[in-house]
Amino acid sequence: AMAGIGALSGNKPDNTAFTQQRLPAWQPLLSAGTALPLFFCAGLACLAVGLGLHFSSDTIRELELDYTGAPGSGHNCSRCANASLAGAGGCTCSLRFELPERFPGPVCLYYQLSNYYQNHRRYSVSRDDRQLSGDASGLSNPATECSPFRTDPRGIPIAPCGAIANSLFNDTFALYHLANGTFYPVPLDNRGISWWTDSNIKFSNPELINGSLETAFKGTTKPPNWPHAAYMLDMGNLNNTGFINEDFIVWMRTAALPTFRKLYRRVHEGNFSSGLPQGTYRLDITYNYPVLSFQGTKKVIFSTVSWMGGKNPFLGIVYLIFGSACILTGFVMLAVHIKFQKQNQMDVE
Amino acid sequence: MFRWSINRFCAGEEKRVGTRTVFVGHRPVSETDAYVEQKFCDNRIVSSKYTVWNFLPKNLFEQFRRIANFYFLIIFLVQVIVDTPTSPVTSGLPLFFVIIVTAIKQGYEDWLRHRADKEVNKSSVFIVENAKQVKKHSEKIKVGDIVEVKADETFPCDLIFLASSNDDGICYVTTASLDGESNFKTHYAVRDTTGLRTDDDIDSLTATIECEQPQPDLYKFVGRINIYRSNQEPVARSLGPENLLLKGSTLKNTKKIYGVAVYTGMETKMALNYQGKSQKRSAVEKSINAFLIVYLCILVSKATVCTTLKYIWQSNPFNDEPWYNQKTIKERDTFQILRMFTDFLSFMVLFNFIIPVSMYVTVEMQKFLGSFFIAWDKEMYDEEIKEGALVNTSDLNEELGQVEYVFTDKTGTLTENSMKFIECCIDGHKYKAGISEVDGFSHTDGPLKYYGKAEKCREELFLRALCLCHTVQIKEGDNVDGLRVNQERWTYISSSPDEIALVKGAKKYGFTFLGHEADYMKVQNQKNEIEKYQLLHVLNFDPVRRRMSVVVKTSTGKFLLFCKGADSSIFPRVQRDEIQQTKVHVERNAMDGYRTLCVAFKELTQEDYKKINDQLSEAKMALQDREEKMARIFDDIEADMHLIGATAVEDRLQEHAAETIEALQTAGMKVWVLTGDKMETAKSTCYASRLFQTNTELLELTTKMMGDSDRKEERLHELLLEYHKKLLQDFPQNSGKLKRSWTVSQEYGLIIDGSTLSLILNPSQDSSSSNYKSIFLQICLKCTSVLCCRMAPLQKAQIVRMVKNSKGNPITLSIGDGANDVSMILEAHVGIGIKGKEGRQAARNSDYAVPKFKHLRKLLLAHGHLYYVRIAHLVQYFFYKNLCFILPQFLYQFFCGFSQQPLYDAAYLTMYNICFTSLPILAYSLLEQHINIETLTSDPRLYMKISDNAMLQWKPFLYWTCLGAFEGLVFFFGVYFLFQNSSLEDNGKVFGNWTFGTIVFTVLVFTVTLKLALDTRFWTWMNHFVIWGSLAFYVFFSFFWGGIIWPFLKQQRMYFVFAHMVTSVSTWLAIVLLIFISLFPEILLVVFKNAKRKNYQEHPLSSCSLKLPAITVFLGMNKTVPFNLPMLLSYKSMENGYTSEMKLEDAVTNLTQRCHLRIPQMQQL
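Just so you know, the sequences run in chain order A and B. -4 is the number of the first residue of the first sequence in my numbering; add one for each residue after it. 13 is the number of the first residue of the second sequence in my numbering; add one for each residue after it.
Please note that the accuracy of each hint is not assured.
Capping the alpha-carbon separation at 25 Å, the derived lysine-lysine pairs in BS3-like fashion look like this [to be verified]:
1) B:Lys534 - B:Lys565
2) A:Lys217 - B:Lys468
3) B:Lys1062 - A:Lys217
4) B:Lys398 - A:Lys7
5) B:Lys1062 - A:Lys213
6) B:Lys342 - A:Lys217
7) B:Lys819 - B:Lys785
8) A:Lys334 - B:Lys1101
9) B:Lys534 - B:Lys614
10) A:Lys7 - B:Lys623
11) B:Lys154 - B:Lys134
12) A:Lys337 - B:Lys1101
What the hints contain is simulated information worked out from the structure, not anything from laboratory work.
Working from the sequences, and respecting the hints, build out all of it.
Structure, rendered in structure tokens:
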């Protein structure tokens, strides 16, 4: 539906390249001739990248320790697991394990949960970023999305509110290295495990009142599952307590899939700055976090990192497969091309 | 053009029946009769749709009547009401955008209409009230007002002409803006009022006018004026179209006129004529709707699957409500059923993006902008008429690429309609003008060749007849430059070029028509004397009678009737013995392709004339059935005449008409010629224009074949069965698939004439008639070309309708230039008007208008093909890109507990269709030329590649859908496996769900854009700009969107997500890999297709190119089609199109046969 175009075309149409649809144009044609080198080049490049990735992934050392302690597994932590099923926390258990080879530093310590739906919509909206940025009104009046962890039954606002914060992962780990018959603690660094922009900009504590964070949090209450309030997350360290506690921030970045790992600590200090030597270790776990109720598992993962991040064989393999496929197609195409050319020559004769 | 809204504003609507009575000057006719003011609508023209007040509600209402818009409104409302995963903004914003854009466009158009209306309504007019002139706005004119109009002014409403400044009560009018005819038409005032030439006089008139209620036919008007004089019986005079001055026409060569308003405002003939043309919808639009339904089904099933699985999954209590993720109180309290329903709605909302909102806007924009290229096309600009192509509707651009049947008019369409007097015959003697004739108005005293000679008095009678029997007028030349070229001071103008040719022809023999003077026609005879004839009556030409007559009185007082017309209409009305000698000539001339007219005369006695005069005046007075009565009287008058001779006028074929027809046929179209002309003439034109080849076997269904007997119908049925059998034998596997095949088997042509057609379509006895109708249709469809001659305008439309509604609903195109083609132009899927010499009605009612028939070639083969490919690609691409957009979102539900968690951020959901991926496809759909325009025009067979809506069939649709599904799977599972270890940064930090979505989205945007880049074969700087620009914009936007804490957002989900994503090398590698994998099958397919084509293109094409010598020569490019023609994936593979083996000898014989085109016609007859 429109008015007549060209009604005014009494005057001669413009003779421009555009109006006459004659704009200079590049007209590529994806023929076998142009595609063949492309396929070979792309194939070779993919193979090269694939080999690089595969090699890198192979050099990454990774050790997984499952400490869920499912009943009947005879695991060291079964006792604690049972306790957690009963609702009790604060149970500790230890794992002894061997590192078969040296893990070059820095070694990252992850915890991994499975069958845990951090990406469930009801869960992932249950937070208040305004509150977490230290906004005073967010503290006194959390967003409705936080419900049912918005206020406690008495109506006192929860800080930090919401299901994510309430379910903060609260197992703790301590690592000991057996050297000369004694277990020496391995220093675990909890700094720099979250995104810099998160811990410095997106998350921030409410403004201190008289230099006290506790006062700043006055009028709020702790999330129901927490043993203590947010400002007591890292008592001694004002830069790592409250909303800017890095463990908390890491937890608040909701995972994409129901099985996920999160960075817990790094080993890169003291005697272990060059990595974890081969040998026997002991991991002391404070088992607080119940996962059996939803058939989840808990793992601790020691992993070295490279330029490509953690161990990920998938990328390298797919690159290798795709590269080979490219080259293979290239050859097939070459054969077809030659066959057709011969046929054409015969036709010409 | 303007579309006038329905005249519901008019009060007169209810009483449309019967007649209306108008009191001239609002004066009651007598004291006794109470003057009742009748209510008519005022003279306000309202072409606008909206006012300031109702624009918003009315426009919104109209927009939401569209299914897509309504659907999105519903989605939006669901989002507002129900707790849904995405904010209402995500679907509200695109909808808002679409609505606003459309509203602005429509508002602007309406504002233009308002402005135009205002200009018309506020223009000042002079109304005579109480013997004084009152200046008023045009909109204030009421029915019954006496209006004064001065020279070169347009009439403000439909007026009955009362008096002019001329004594004789004549005024001249041009209707150029109504029907494009620029000649001056003469209008007459009723004799009794011509004397009222001043304001006082006119004010003294007491009269009523009875006339029919308004009707749109510009050339029909029936009315009566009753003039009351004191103490006298009222005088009644008939009123016809010659008394009616139409709004929109302009007064010329007359100082001023008085007229009384009879139809005003929305009831004027002009307003009634512009009322809604029926909306034509293209086949592409139907395909879109079909695809839409498929996607709607996909959407609903996705939502159903997710809802079902959700509740199955949730039947496990620890999945339903684990300790870390407790339900809100509201959620607990809702009923299960209601919860399921809202869940279903939420899933619908989440996946609703699969139905592309922006597609409609893009399609509309593409059509609107794209149609400019037709109007801009220099090659379709005609230097002679100084005009280019005209686009009246942009909705049908792509339909131009789908045409299967072309119905063309002959005169003025295939031929030039510039008539040249060739020869004449008088009493069987042939007179032929010298060949040295110049097509000007010069005196040619050159030698005339005589082939025997008729008596001198007969010659003169014949030439006088030519000089008198016509409606030609003389137009004074413009002496703009002061240069007065003596010979060309005046020119003949007429609505029929034949008449001009005849008058010019008579001039060559020494009789010159000098024009009208009052009632007299002046003729200069061979002795340079001026003869004067009083013109008494003109029995106008009409296509039914196919003749016209004049009755004149000579200076000696003799009454003469001259009649000229088609032989078929003249021969039965003259003495039988006179026919034979002339008939020979007429038939030979017709065979040569000339238009022949027979001239006859009759002398009337005084009594005869008186009788005729009375009859005619009486008939003219009739209010009802005037035309029929007139026709009956004309029939009576034009009887027992004497044949004098016949004329032959050549109507040359338009340049390249033959090549164009050949190209259209090569392109798989069937060309039918529908003409009102004689069979012989039409047939020879068909041979000349290569519609019929020498080897075409002609099947005739004509009156000649039927004979005169009463057994006509039986004979017809016999013939039909016979032809049907013949055709069945030739095409044994009667699959109906033969159309568009490029076979060299016997070609058949069918000739049918109007009377036979009406026998078939409207049989006398209704027994088994429909059976014959279908047999006839089958015969028609099997013939390569069909010629229908002697067609009335409505029959033309009937034929078009018949084919249009036949099996498979082929796309039809009608092309014509005259008013008689309007009905078929309106009937066909695509109507093309030729801006011809027979006025502008065809062009005005058409969808597209071109100056010449040859322009059809480029219009269809190049523009049509390109538009089709562009829009088909656009549609498929839109569905594809939204499928692979939403599929990952659907798959993600399996990994987030069917919780309707969106995979992408709201901004991405919103911007995907309106910002990131919209411009490249728009640019593609405007600029793409996958094959050069030159190649498309020179190789018509390429047109077959897109026939039958090839690119929008289910197969290509399935291909695109599979491609979209494949890519969606690659996107999602690629990133899924990558995220098996989510620590992708080199410092071991992990990525969350928003990074997951962003990676998928980045791959998506890049893949979808690069896929288009792969499809683009014509990279202008604009394509480069929008494709790379869109990608750059996406990257820029992502940084920007993630770079700021947005105060209006509740959750800062995207904060630095994109920036973190790009710091990870693994992510980079994964993105590149996934893009490659997604595009790999497409690249592979294209390469293989191209390789295969390259192979088989070499020999069949070179042999086939022999078959198109005329075209290659005509285009002046002898190059064969380049080898590396890219072919679209969804192009049809034409097995019998390209691989049909044609023997070389065949091609050569074919070629030679065509070189001698004019010879075989003789053999055929």
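Identify every previously stated hint that the structure contradicts and give their numbers, smallest first. Hints 2 and 10 contradicted; others consistent.
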